[in-house]
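> What follows is the residue order along each chain.
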Amino acid sequence: MPNYMLLLHEEPMDYSQFSPEQIQAVIGEYVAWRQKIEADGNYVGGEKLKDEGGRLIGSDNGQLRVTDGPYAEAKEVIGGYFTISAADYDEAVEISKGCPHLKFGGRIELREIEQLT
Amino acid sequence: MLSPGEIKVRDSIDHLFRRHAGQMVLVLSRIFGFEHLDVIEDAVQDALVAAMKKWPFTGIPANPRAWLIEAAKNRVVDNLRRSVKSDELLDEAATANGIDTLFFGSEMPDDELRMIFACCHPAIAPDSQVALTLKIVGGFSVSEIAPAFLSNDEAVAKMISRAKGRLRKRQVALEMPVADQLNARIDAVLKALYLLFNEGYIASAGDELVRKDLCFEAIRLCSILASHPVTRLPRVHALLALFLFLGARLSARTGLSGELLLLADQDRSSWDQEMIASGLQHFRLSASGTRLSEYHLEAEIAAIYTLSPDYSSTDWARILECYERLQQRKFSPVIELNRIIVLSKLSGPQSALEQLNKLELGRELTNYSLFYVTKSHFLTQLDRLDEARTALTTAVELTNNEPVRRFLIKKLCALNDGLFA
Numbered sequence: 002m003p004n005y006m007l008l009l010h011e012e013p014m015d016y017s018q019f020s021p022e023q024i025q026a027v028i029g030e031y032v033a034w035r036q037k038i039e040a041d042g043n044y045v046g047g048e049k050l051k052d053e054g055g056r057l058i059g060s061d062n063g064q065l066r067v068t069d070g071p072y073a074e075a076k077e078v079i080g081g082y083f084t085i086s087a088a089d090y091d092e093a094v095e096i097s098k099g100c101p102h103l104k105f106g107g108r109i110e111l112r113e114i115e116q117l118t
Numbered sequence: 016m017l018s019p020g021e022i023k024v025r026d027s028i029d030h031l032f033r034r035h036a037g038q039m040v041l042v043l044s045r046i047f048g049f050e051h052l053d054v055i056e057d058a059v060q061d062a063l064v065a066a067m068k069k070w071p072f073t074g075i076p077a078n079p080r081a082w083l084i085e086a087a088k089n090r091v092v093d094n095l096r097r098s099v100k101s102d103e104l105l106d107e108a109a110t111a112n113g114i115d116t117l118f119f120g121s122e123m124p125d126d127e128l129r130m131i132f133a134c135c136h137p138a139i140a141p142d143s144q145v146a147l148t149l150k151i152v153g154g155f156s157v158s159e160i161a162p163a164f165l166s167n168d169e170a171v172a173k174m175i176s177r178a179k180g181r182l183r184k185r186q187v188a189l190e191m192p193v194a195d196q197l198n199a200r201i202d203a204v205l206k207a208l209y210l211l212f213n214e215g216y217i218a219s220a221g222d223e224l225v226r227k228d229l230c231f232e233a234i235r236l237c238s239i240l241a242s243h244p245v246t247r248l249p250r251v252h253a254l255l256a257l258f259l260f261l262g263a264r265l266s267a268r269t270g271l272s273g274e275l276l277l278l279a280d281q282d283r284s285s286w287d288q289e290m291i292a293s294g295l296q297h298f299r300l301s302a303s304g305t306r307l308s309e310y311h312l313e314a315e316i317a318a319i320y321t322l323s324p325d326y327s328s329t330d331w332a333r334i335l336e337c338y339e340r341l342q343q344r345k346f347s348p349v350i351e352l353n354r355i356i357v358l359s360k361l362s363g364p365q366s367a368l369e370q371l372n373k374l375e376l377g378r379e380l381t382n383y384s385l386f387y388v389t390k391s392h393f394l395t396q397l398d399r400l401d402e403a404r405t406a407l408t409t410a411v412e413l414t415n416n417e418p419v420r421r422f423l424i425k426k427l428c429a430l431n432d433g434l435f436a
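In order, the protein sequences belong to chains F and U.
By my numbering, the letter at position 5 of the first sequence is numbered 6, and the numbering carries on one by one without gaps.
By my numbering, the letter at position 204 of the second sequence is numbered 219, and the numbering carries on one by one without gaps.
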């Protein structure tokens, strides 16, 4: 089965007014989602990218340039990713639809990972 | 690892994060000092948010509480380093090993008790005491507290910040009150807990579930007082008994579609028998000493209602006697209304209505929805339907609570159709 990557795009926001109850509810939703896809054998992995720091590296007229960013003030950043295995895009989309990230206002970019064979 | 069942919210018992938030503030206040409360509260919030961002990807750590307290502690240290000149205390606190051992199991009665006394300090107004206790000890957020006060987030945030300012100004420390002040300080705490329970219990406004949580928080805090050797006084047991008797009926109070069910219409078999048993136990413990408090009388009334096999066999005479004794101690228009309702069971609607009209002259209850509900009820019994409708319309206008509004409107419709008797 091919693997798919869920790139979790989100708009940085202020969580200072979130209540402990709400925070617990958010974590609970992710835990439930992950346990479900683990039980179904679809979960491969996932990692969170640090909010702070980050570098953008590119070339500018043949010169390599390194700049700081993306900043937390950027309109949208990739907060982290999950890797899943699924039969095809249809199944991968169905799995992604259950990801709580969507419920909390984020977007998911779903991409199939190329395999050697 | 936590099971999903453990992390499920909203069942009024499992509020892991709310409890953690409260405990983290307690522990960090002990380590760094109560004077840094604002920094500590911010750090606790930051740690919770960090967990929210990280745990979905990393999974929940083996010891979530230790993870959270460590994260919050590091933030406090960073923050204080920036604002205060680094000192030995900070270094020591920062390197303190096994900070988690500061939690004794999941309960920290001494810390909580000291914090409750600080939050209910007489320098703060009673309403603010309740809000501050909910925020600091209970881990409730401003947006959860505001509806209980029929207020908005901004106003409640201001009230809490003013209260904290007063504590700072007075240099209130986290300590048990000294012996000669203990009685008065305990009374202040009990009054705040009574208010807290009422915010949740009296249907004034807000989300049913959050209101239930307020009641359970009052029960939890009162239990701490009732089990601590310094504070387990008869009147503390009486208040806890009252809470437990009323709390046992909480979930029977609303029907399937969220409408209010009166005591007469409640399914008694759905009352929480464990809470009733615990209530009885504390009621027995309250029966010592020589001082009879208002809480004793209120607990006795609640016990009579709760223990009666059905509504019609309620011992009205005994309840009336309790209300009369309550009124002799300190007159309250709300208690007078309750007394008149009980009186109507014994001597009929006509004489009850006469007393109600007398009470109306005092004008204290002209904004109280329940007053007009009662009046309408008596008038209906006396077949004075036009007046009954007018009174009920006033009651509908005065209520902000949705289930109660729905209940009253249903009643009003029935009255209009002539079905209501």
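No lab work stands behind these hints, which were simulated from the structure alone.
Remember, it's a predicted structure, so these values are computed and weren't measured experimentally.
Heads up, the beta-carbon is just placed ideally off N, CA and C, and yes, glycines get one too.
Be aware that a few hints might be false.
Cross-link-like lysine-lysine pairs, in silico, DSS-like; alpha carbons within 25 Å at most [stated by the list, open to error]:
{"no.": "1", "chain 1": "F", "residue 1": "Lys-37", "chain 2": "U", "residue 2": "Lys-184"}
{"no.": "2", "chain 1": "U", "residue 1": "Lys-173", "chain 2": "U", "residue 2": "Lys-184"}
{"no.": "3", "chain 1": "U", "residue 1": "Lys-425", "chain 2": "F", "residue 2": "Lys-37"}
{"no.": "4", "chain 1": "F", "residue 1": "Lys-98", "chain 2": "U", "residue 2": "Lys-68"}
{"no.": "5", "chain 1": "U", "residue 1": "Lys-227", "chain 2": "F", "residue 2": "Lys-49"}
{"no.": "6", "chain 1": "U", "residue 1": "Lys-68", "chain 2": "F", "residue 2": "Lys-49"}
{"no.": "7", "chain 1": "U", "residue 1": "Lys-360", "chain 2": "U", "residue 2": "Lys-425"}
{"no.": "8", "chain 1": "U", "residue 1": "Lys-69", "chain 2": "F", "residue 2": "Lys-76"}
{"no.": "9", "chain 1": "F", "residue 1": "Lys-37", "chain 2": "F", "residue 2": "Lys-49"}
Derived contacts from chain F toward chain U, CB cut-off under 8 Å, selection only [to be verified]:
{"no.": "10", "residue": "Phe-19"}
{"no.": "11", "residue": "Ser-20"}
{"no.": "12", "residue": "Glu-22"}
{"no.": "13", "residue": "Ile-28"}
{"no.": "14", "residue": "Gly-63"}
{"no.": "15", "residue": "Glu-77"}
> Compare the structure with the hints numbered earlier in the document and write down the numbers of the violated ones, lowest to highest.
Numbers 1, 3, 5, 14, 15, in rising order.
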